[in-house]
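Chains as they are written, first to last, in the numbering used here: chain A, 3 to 410; chain B, 917 to 1185; chain C, 2 to 349.
In case anyone wonders, no lab produced these hints; they're calculated from the structure.
Mixed in with the good hints there might be a few duds.
Okay, derived cross-link-like pairs now, BS3-like style, lysine-lysine, Cα gap no bigger than 30 angstroms in a straight line [stated by the list, open to error]:
id, chain 1, residue 1, chain 2, residue 2
1, C, Lys153, C, Lys108
2, C, Lys108, C, Lys55
3, C, Lys181, C, Lys198
4, A, Lys22, B, Lys1015
5, C, Lys55, C, Lys110
6, C, Lys50, B, Lys983
7, C, Lys50, C, Lys162
8, C, Lys274, C, Lys303
9, B, Lys1097, B, Lys983
10, C, Lys269, B, Lys983
11, B, Lys983, C, Lys55
12, A, Lys22, B, Lys1097
A short, non-exhaustive set of chain B residues, derived as facing chain A with CB atoms under 7 angstroms [stated by the list, open to error]:
id, residue
13, Leu933
14, Val935
15, Phe936
16, Leu999
17, Ala1003
18, Met1019
19, Ile1027
20, Ile1144
Residues of chain A clear of chain B, computed beta-carbon distances all greater than 12 angstroms [unchecked claim]:
id, residue
21, Thr5
22, Glu19
23, Asn55
24, Glu67
25, Gly76
26, Ser88
27, Arg122
28, Leu124
29, Asp140
30, Glu269
31, Val334
All of these numbers come straight from a predicted model, not from anything done at the bench.
C-beta atoms are modelled at their ideal positions from N, C-alpha and C, and glycine is treated no differently.
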Amino acid sequence: MATTAVAELRRALRRAERRKNLGGLVLALPLTAFLVVFFLLPILGMLAKAVDNHELATAMPRSAEVLRSWRGLGPPPEPVVAIVASELREAHVRRQSALVAQRLNREQAGWRNLILSTARRLPESPQGSWLETLVALDPQWGEPAIWAGLRRAAQPWTDIFLLAAVDLQRDDHDAIVRVPPDQAIYLDILVRTFWISGLVTLFCLILGYPLAYLLASLPERWANPLLILVLLPFWTSLLVRTAAWIVLLQREGVVNDFLLRAGLLAEPVALVFNRTGVLVAMTHVLLPFMVLPLYSVMRGIPLSLTRAALSLGATPFSAFRKVYLPLSMPGVAAGCLLVFILALGYYITPALVGGAADQMISYFVAFFTLQTANWGMAAALATLLLLATLLLYWLYARLVGIERLRLG
Amino acid sequence: MLGSGILGRTSLWLYCLLVFAFLVLPIFVIVPLSFSAGAFLHFPLPGLSLRWYERLVEHEIWRVTLKNSLIVGAIATVLATGLGTLAAMGLARARFPGKGLLMALMLAPMIVPVIIVAIGAYFFYRPLGLTGSLWGLAIAHAVLGAPFVLVTVSATLGALDPSLVRAAQGLGASPWVAFRKVTLPIIAPGVVSGALFAFVASFDEVVVALFLTGPAQRTLPRQMFDGIREEISPEILAAATVLVALAVALLVVAELLRRRSARLRGLAP
Amino acid sequence: MTSTRTLAAAAVALVLAAGTAAARDLTITSWGGAYQAAQRQLYFEPFQKETGIKLVEDTWDGGIGVLRTKAQGTPVWDLVQVETDELEMGCEEGILEPLDWAALGGKDKFLPAAVHECGVGAIVWATILAYDGGKFPTGGPRSWADFFDTQKFPGKRGLRKGPRQALEFATMAQGVPPAKVYEALRAPGGVDKAFAKLDSIKKDLIFWEAGAQPPQLLASGEVVMTSAYNGRITAANRQDKRNFKIAWDAGFVYQIDSWVILKNSPKKAEAFKFVQYVTRPENQAKLPALIPYGPTHVDGGKLVPAEFAVEIPSSPQNLPHGLFFDASFWVENLEKLNERFNAWAAQR
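Put together the whole structure using the sequences plus the hints.
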């Protein structure tokens, strides 16, 4: 009797538990759906743009088909050339040759002109063979490079953008090789992005750790108003803070003015539109994200522990190093990871206070999207940035715990 | 312990004062400059005047962009707060496999670089008819704001004693009544401060705005961005000062809410 | 109850406010700053009054890629003021509408270089060498060679970001007279030499993109000299009482900007009406009084008051130092050189 009642009760409890879970899921559903549609799908779509290769297949479908099955080096056999040439001419009449030209220009800058000027001047029927006709219009048609480029553009998807994002390209045999040194900039930019983020993280830690330590050692009614001072920059518009730094750091700005008048400088120094400006402004913007996690961890460190160490004869420094520092490490990890992750994606601040050689990866994503309409390249660089961020996000979740993620 | 001696304590305070100065002074340096009678950004000021604030009022562009920003901010806040609050309540009561992953997705907009959100939206809001309207921008901002609401509401829910709700239901209240009379008043400060966060996130956002808006949807940060890039005039600084004042006001509200919430949860006197 | 109803009303109002932006007005894009302010006063506002057509402004800093993104599907811009290479490339790619020249009064009414299938000349303008007269009491730079001489004139220099005009100036700095610049750039190794010249002062260069930036960089003392659009410098002198100087005799690159209408513009008719309005000779002739850019209409040139005519690039005393922008060189080489320039600028 009793056992069935217990079983019945257990079932009822389980049912209630299931109902509660189901209810919870239903409540979480709207945000999930919203984020899937307006956040996740757009990002997945963006990733697809990095390998998108539809241009040639759209404007010259038959050429794309025959080029795909052609193997070899140099100009392809005449029937293939004939299809390409006549379809290029048709594409020009339909005003679609620009699409092909832009795609080929991604393979090699300058091929846009080759395609467009050829398309414009191609006759209806060949003089001699089609290949001779093409070579007569531009000798580049006799070389292997353009045909290898066309074949790459004919594939259903492409890796040239992802390769280019790490300074690699495909040669005429479709083998992966390094790009020439004067074009190899993206690894530099990637390293620069990590380097700047790392320095900013370090500066934030150097400035933030003692500050958080002081705040944590004060009684809460003192710490709270001071914490507001830390939070004020956080609530102030990013653009306002960036403008403030330009005003301060300009050649005839407030800082130079002050240093000149104080006799500390003989001549104004360049503090903005260079790396210095980027580091100063970014450290300022990100410092609160370091102080807050440090503070919340340090608050939880009981003072009695260090007091015990001191009373056992440890010097203040070794008490700090052996007891306090290890206990504050979770805060250091959380703050550093958070600042580093946020710094990686910075765009506005470097764009406004940096020079051309101080721009980080986000700048180039925006540049390729808005300035040059090179979406493949924009998406490829964004993919790299996303991968780096997700890796660090995963690390954060493992080390710190996702439930502790707060930006305010 | 470091900073335990008088000397250590003093140098710690000095160091921290400098850090505080670094944090706060730059923001307040622009305030006096915006009241300058001259056009140059130098101290000492040639005299005080309100001429740059008059320009703010005269120039239609500030009015238009402010209006756009307020509309976008309002829609984004409503969306983010509604969705974020529901999700926080759902996640607080449910246990299911993959919950961690779902949390990771929901918090991801705080972590994923905003340029990636922007470029994704740039490509894929167009087929949905969401470019060239304030709606597209508002939706993208709601994506960015929802995690803030989720976090703040979850924090207040975590402190909510579930026995209170059970007691209300035991006394005959329907789930809806129990929610309205018990849960809501307790989590309200979390909801409101989450909403404040979401609003500020939208009101300050410029990257997505650069990608999604045309000239008719220009927002205040977008206008500021162009102004800073081309010419930092005292007029820009006047606009900046107004924004600083707004930030201070919002910060005070948020702080009051935090205290109220702490008091309701019985954490502070 | 009432609060619910107020909330609902507020929500409806919000939806309407956000939604009405979708049906857009005629959108005109120009180059911002003092130039666009002059256009607003002389053209945009009177045009709206005269025709009742409402217009919205946007600004840009040029670039064929920008034009391509804006021309996607239903374009977000209708009317854009473009440089010659953008005009040529855009027209060839089919993203610009051909113009009805008969309705503009015929091609013979304009300077030959201002006539194109897809665009009509808006202004004659120049990229010049400018400096702050107050900073050089003993005389400022007199040539592009001085611009590249950081020993003689220490300090940072401003330069427009991108290869256009920069390569011309770097070539002039090697002692090539303006008339021979494109010959030198087309010769084997000519571009390499120009890049090497740019590279020699790279650490002292600050790149600008918007035309409003150079006067600002001069005013804030951030640079001692800069390349700039000539009108912006004169406008800063007139409006902000600056003492900026233009070194006309150092050599300059002058060119024609054109009005174009983007393909599939939903406001094509209104846009063309504006083109007709703005190219009237009497309207073109008003511009130099505010900002010294020259008219493209043959009769417009005759109407400019003599006191302002001396400051435009094509005035008799300036023109001998000028180099006319070679659009064919740039259309042929732009993509390649853009890529090279951007890679060069992004490296330390």
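**Ascending list of hint numbers which this structure does not respect** = 1, 7, 9, 13 and 22
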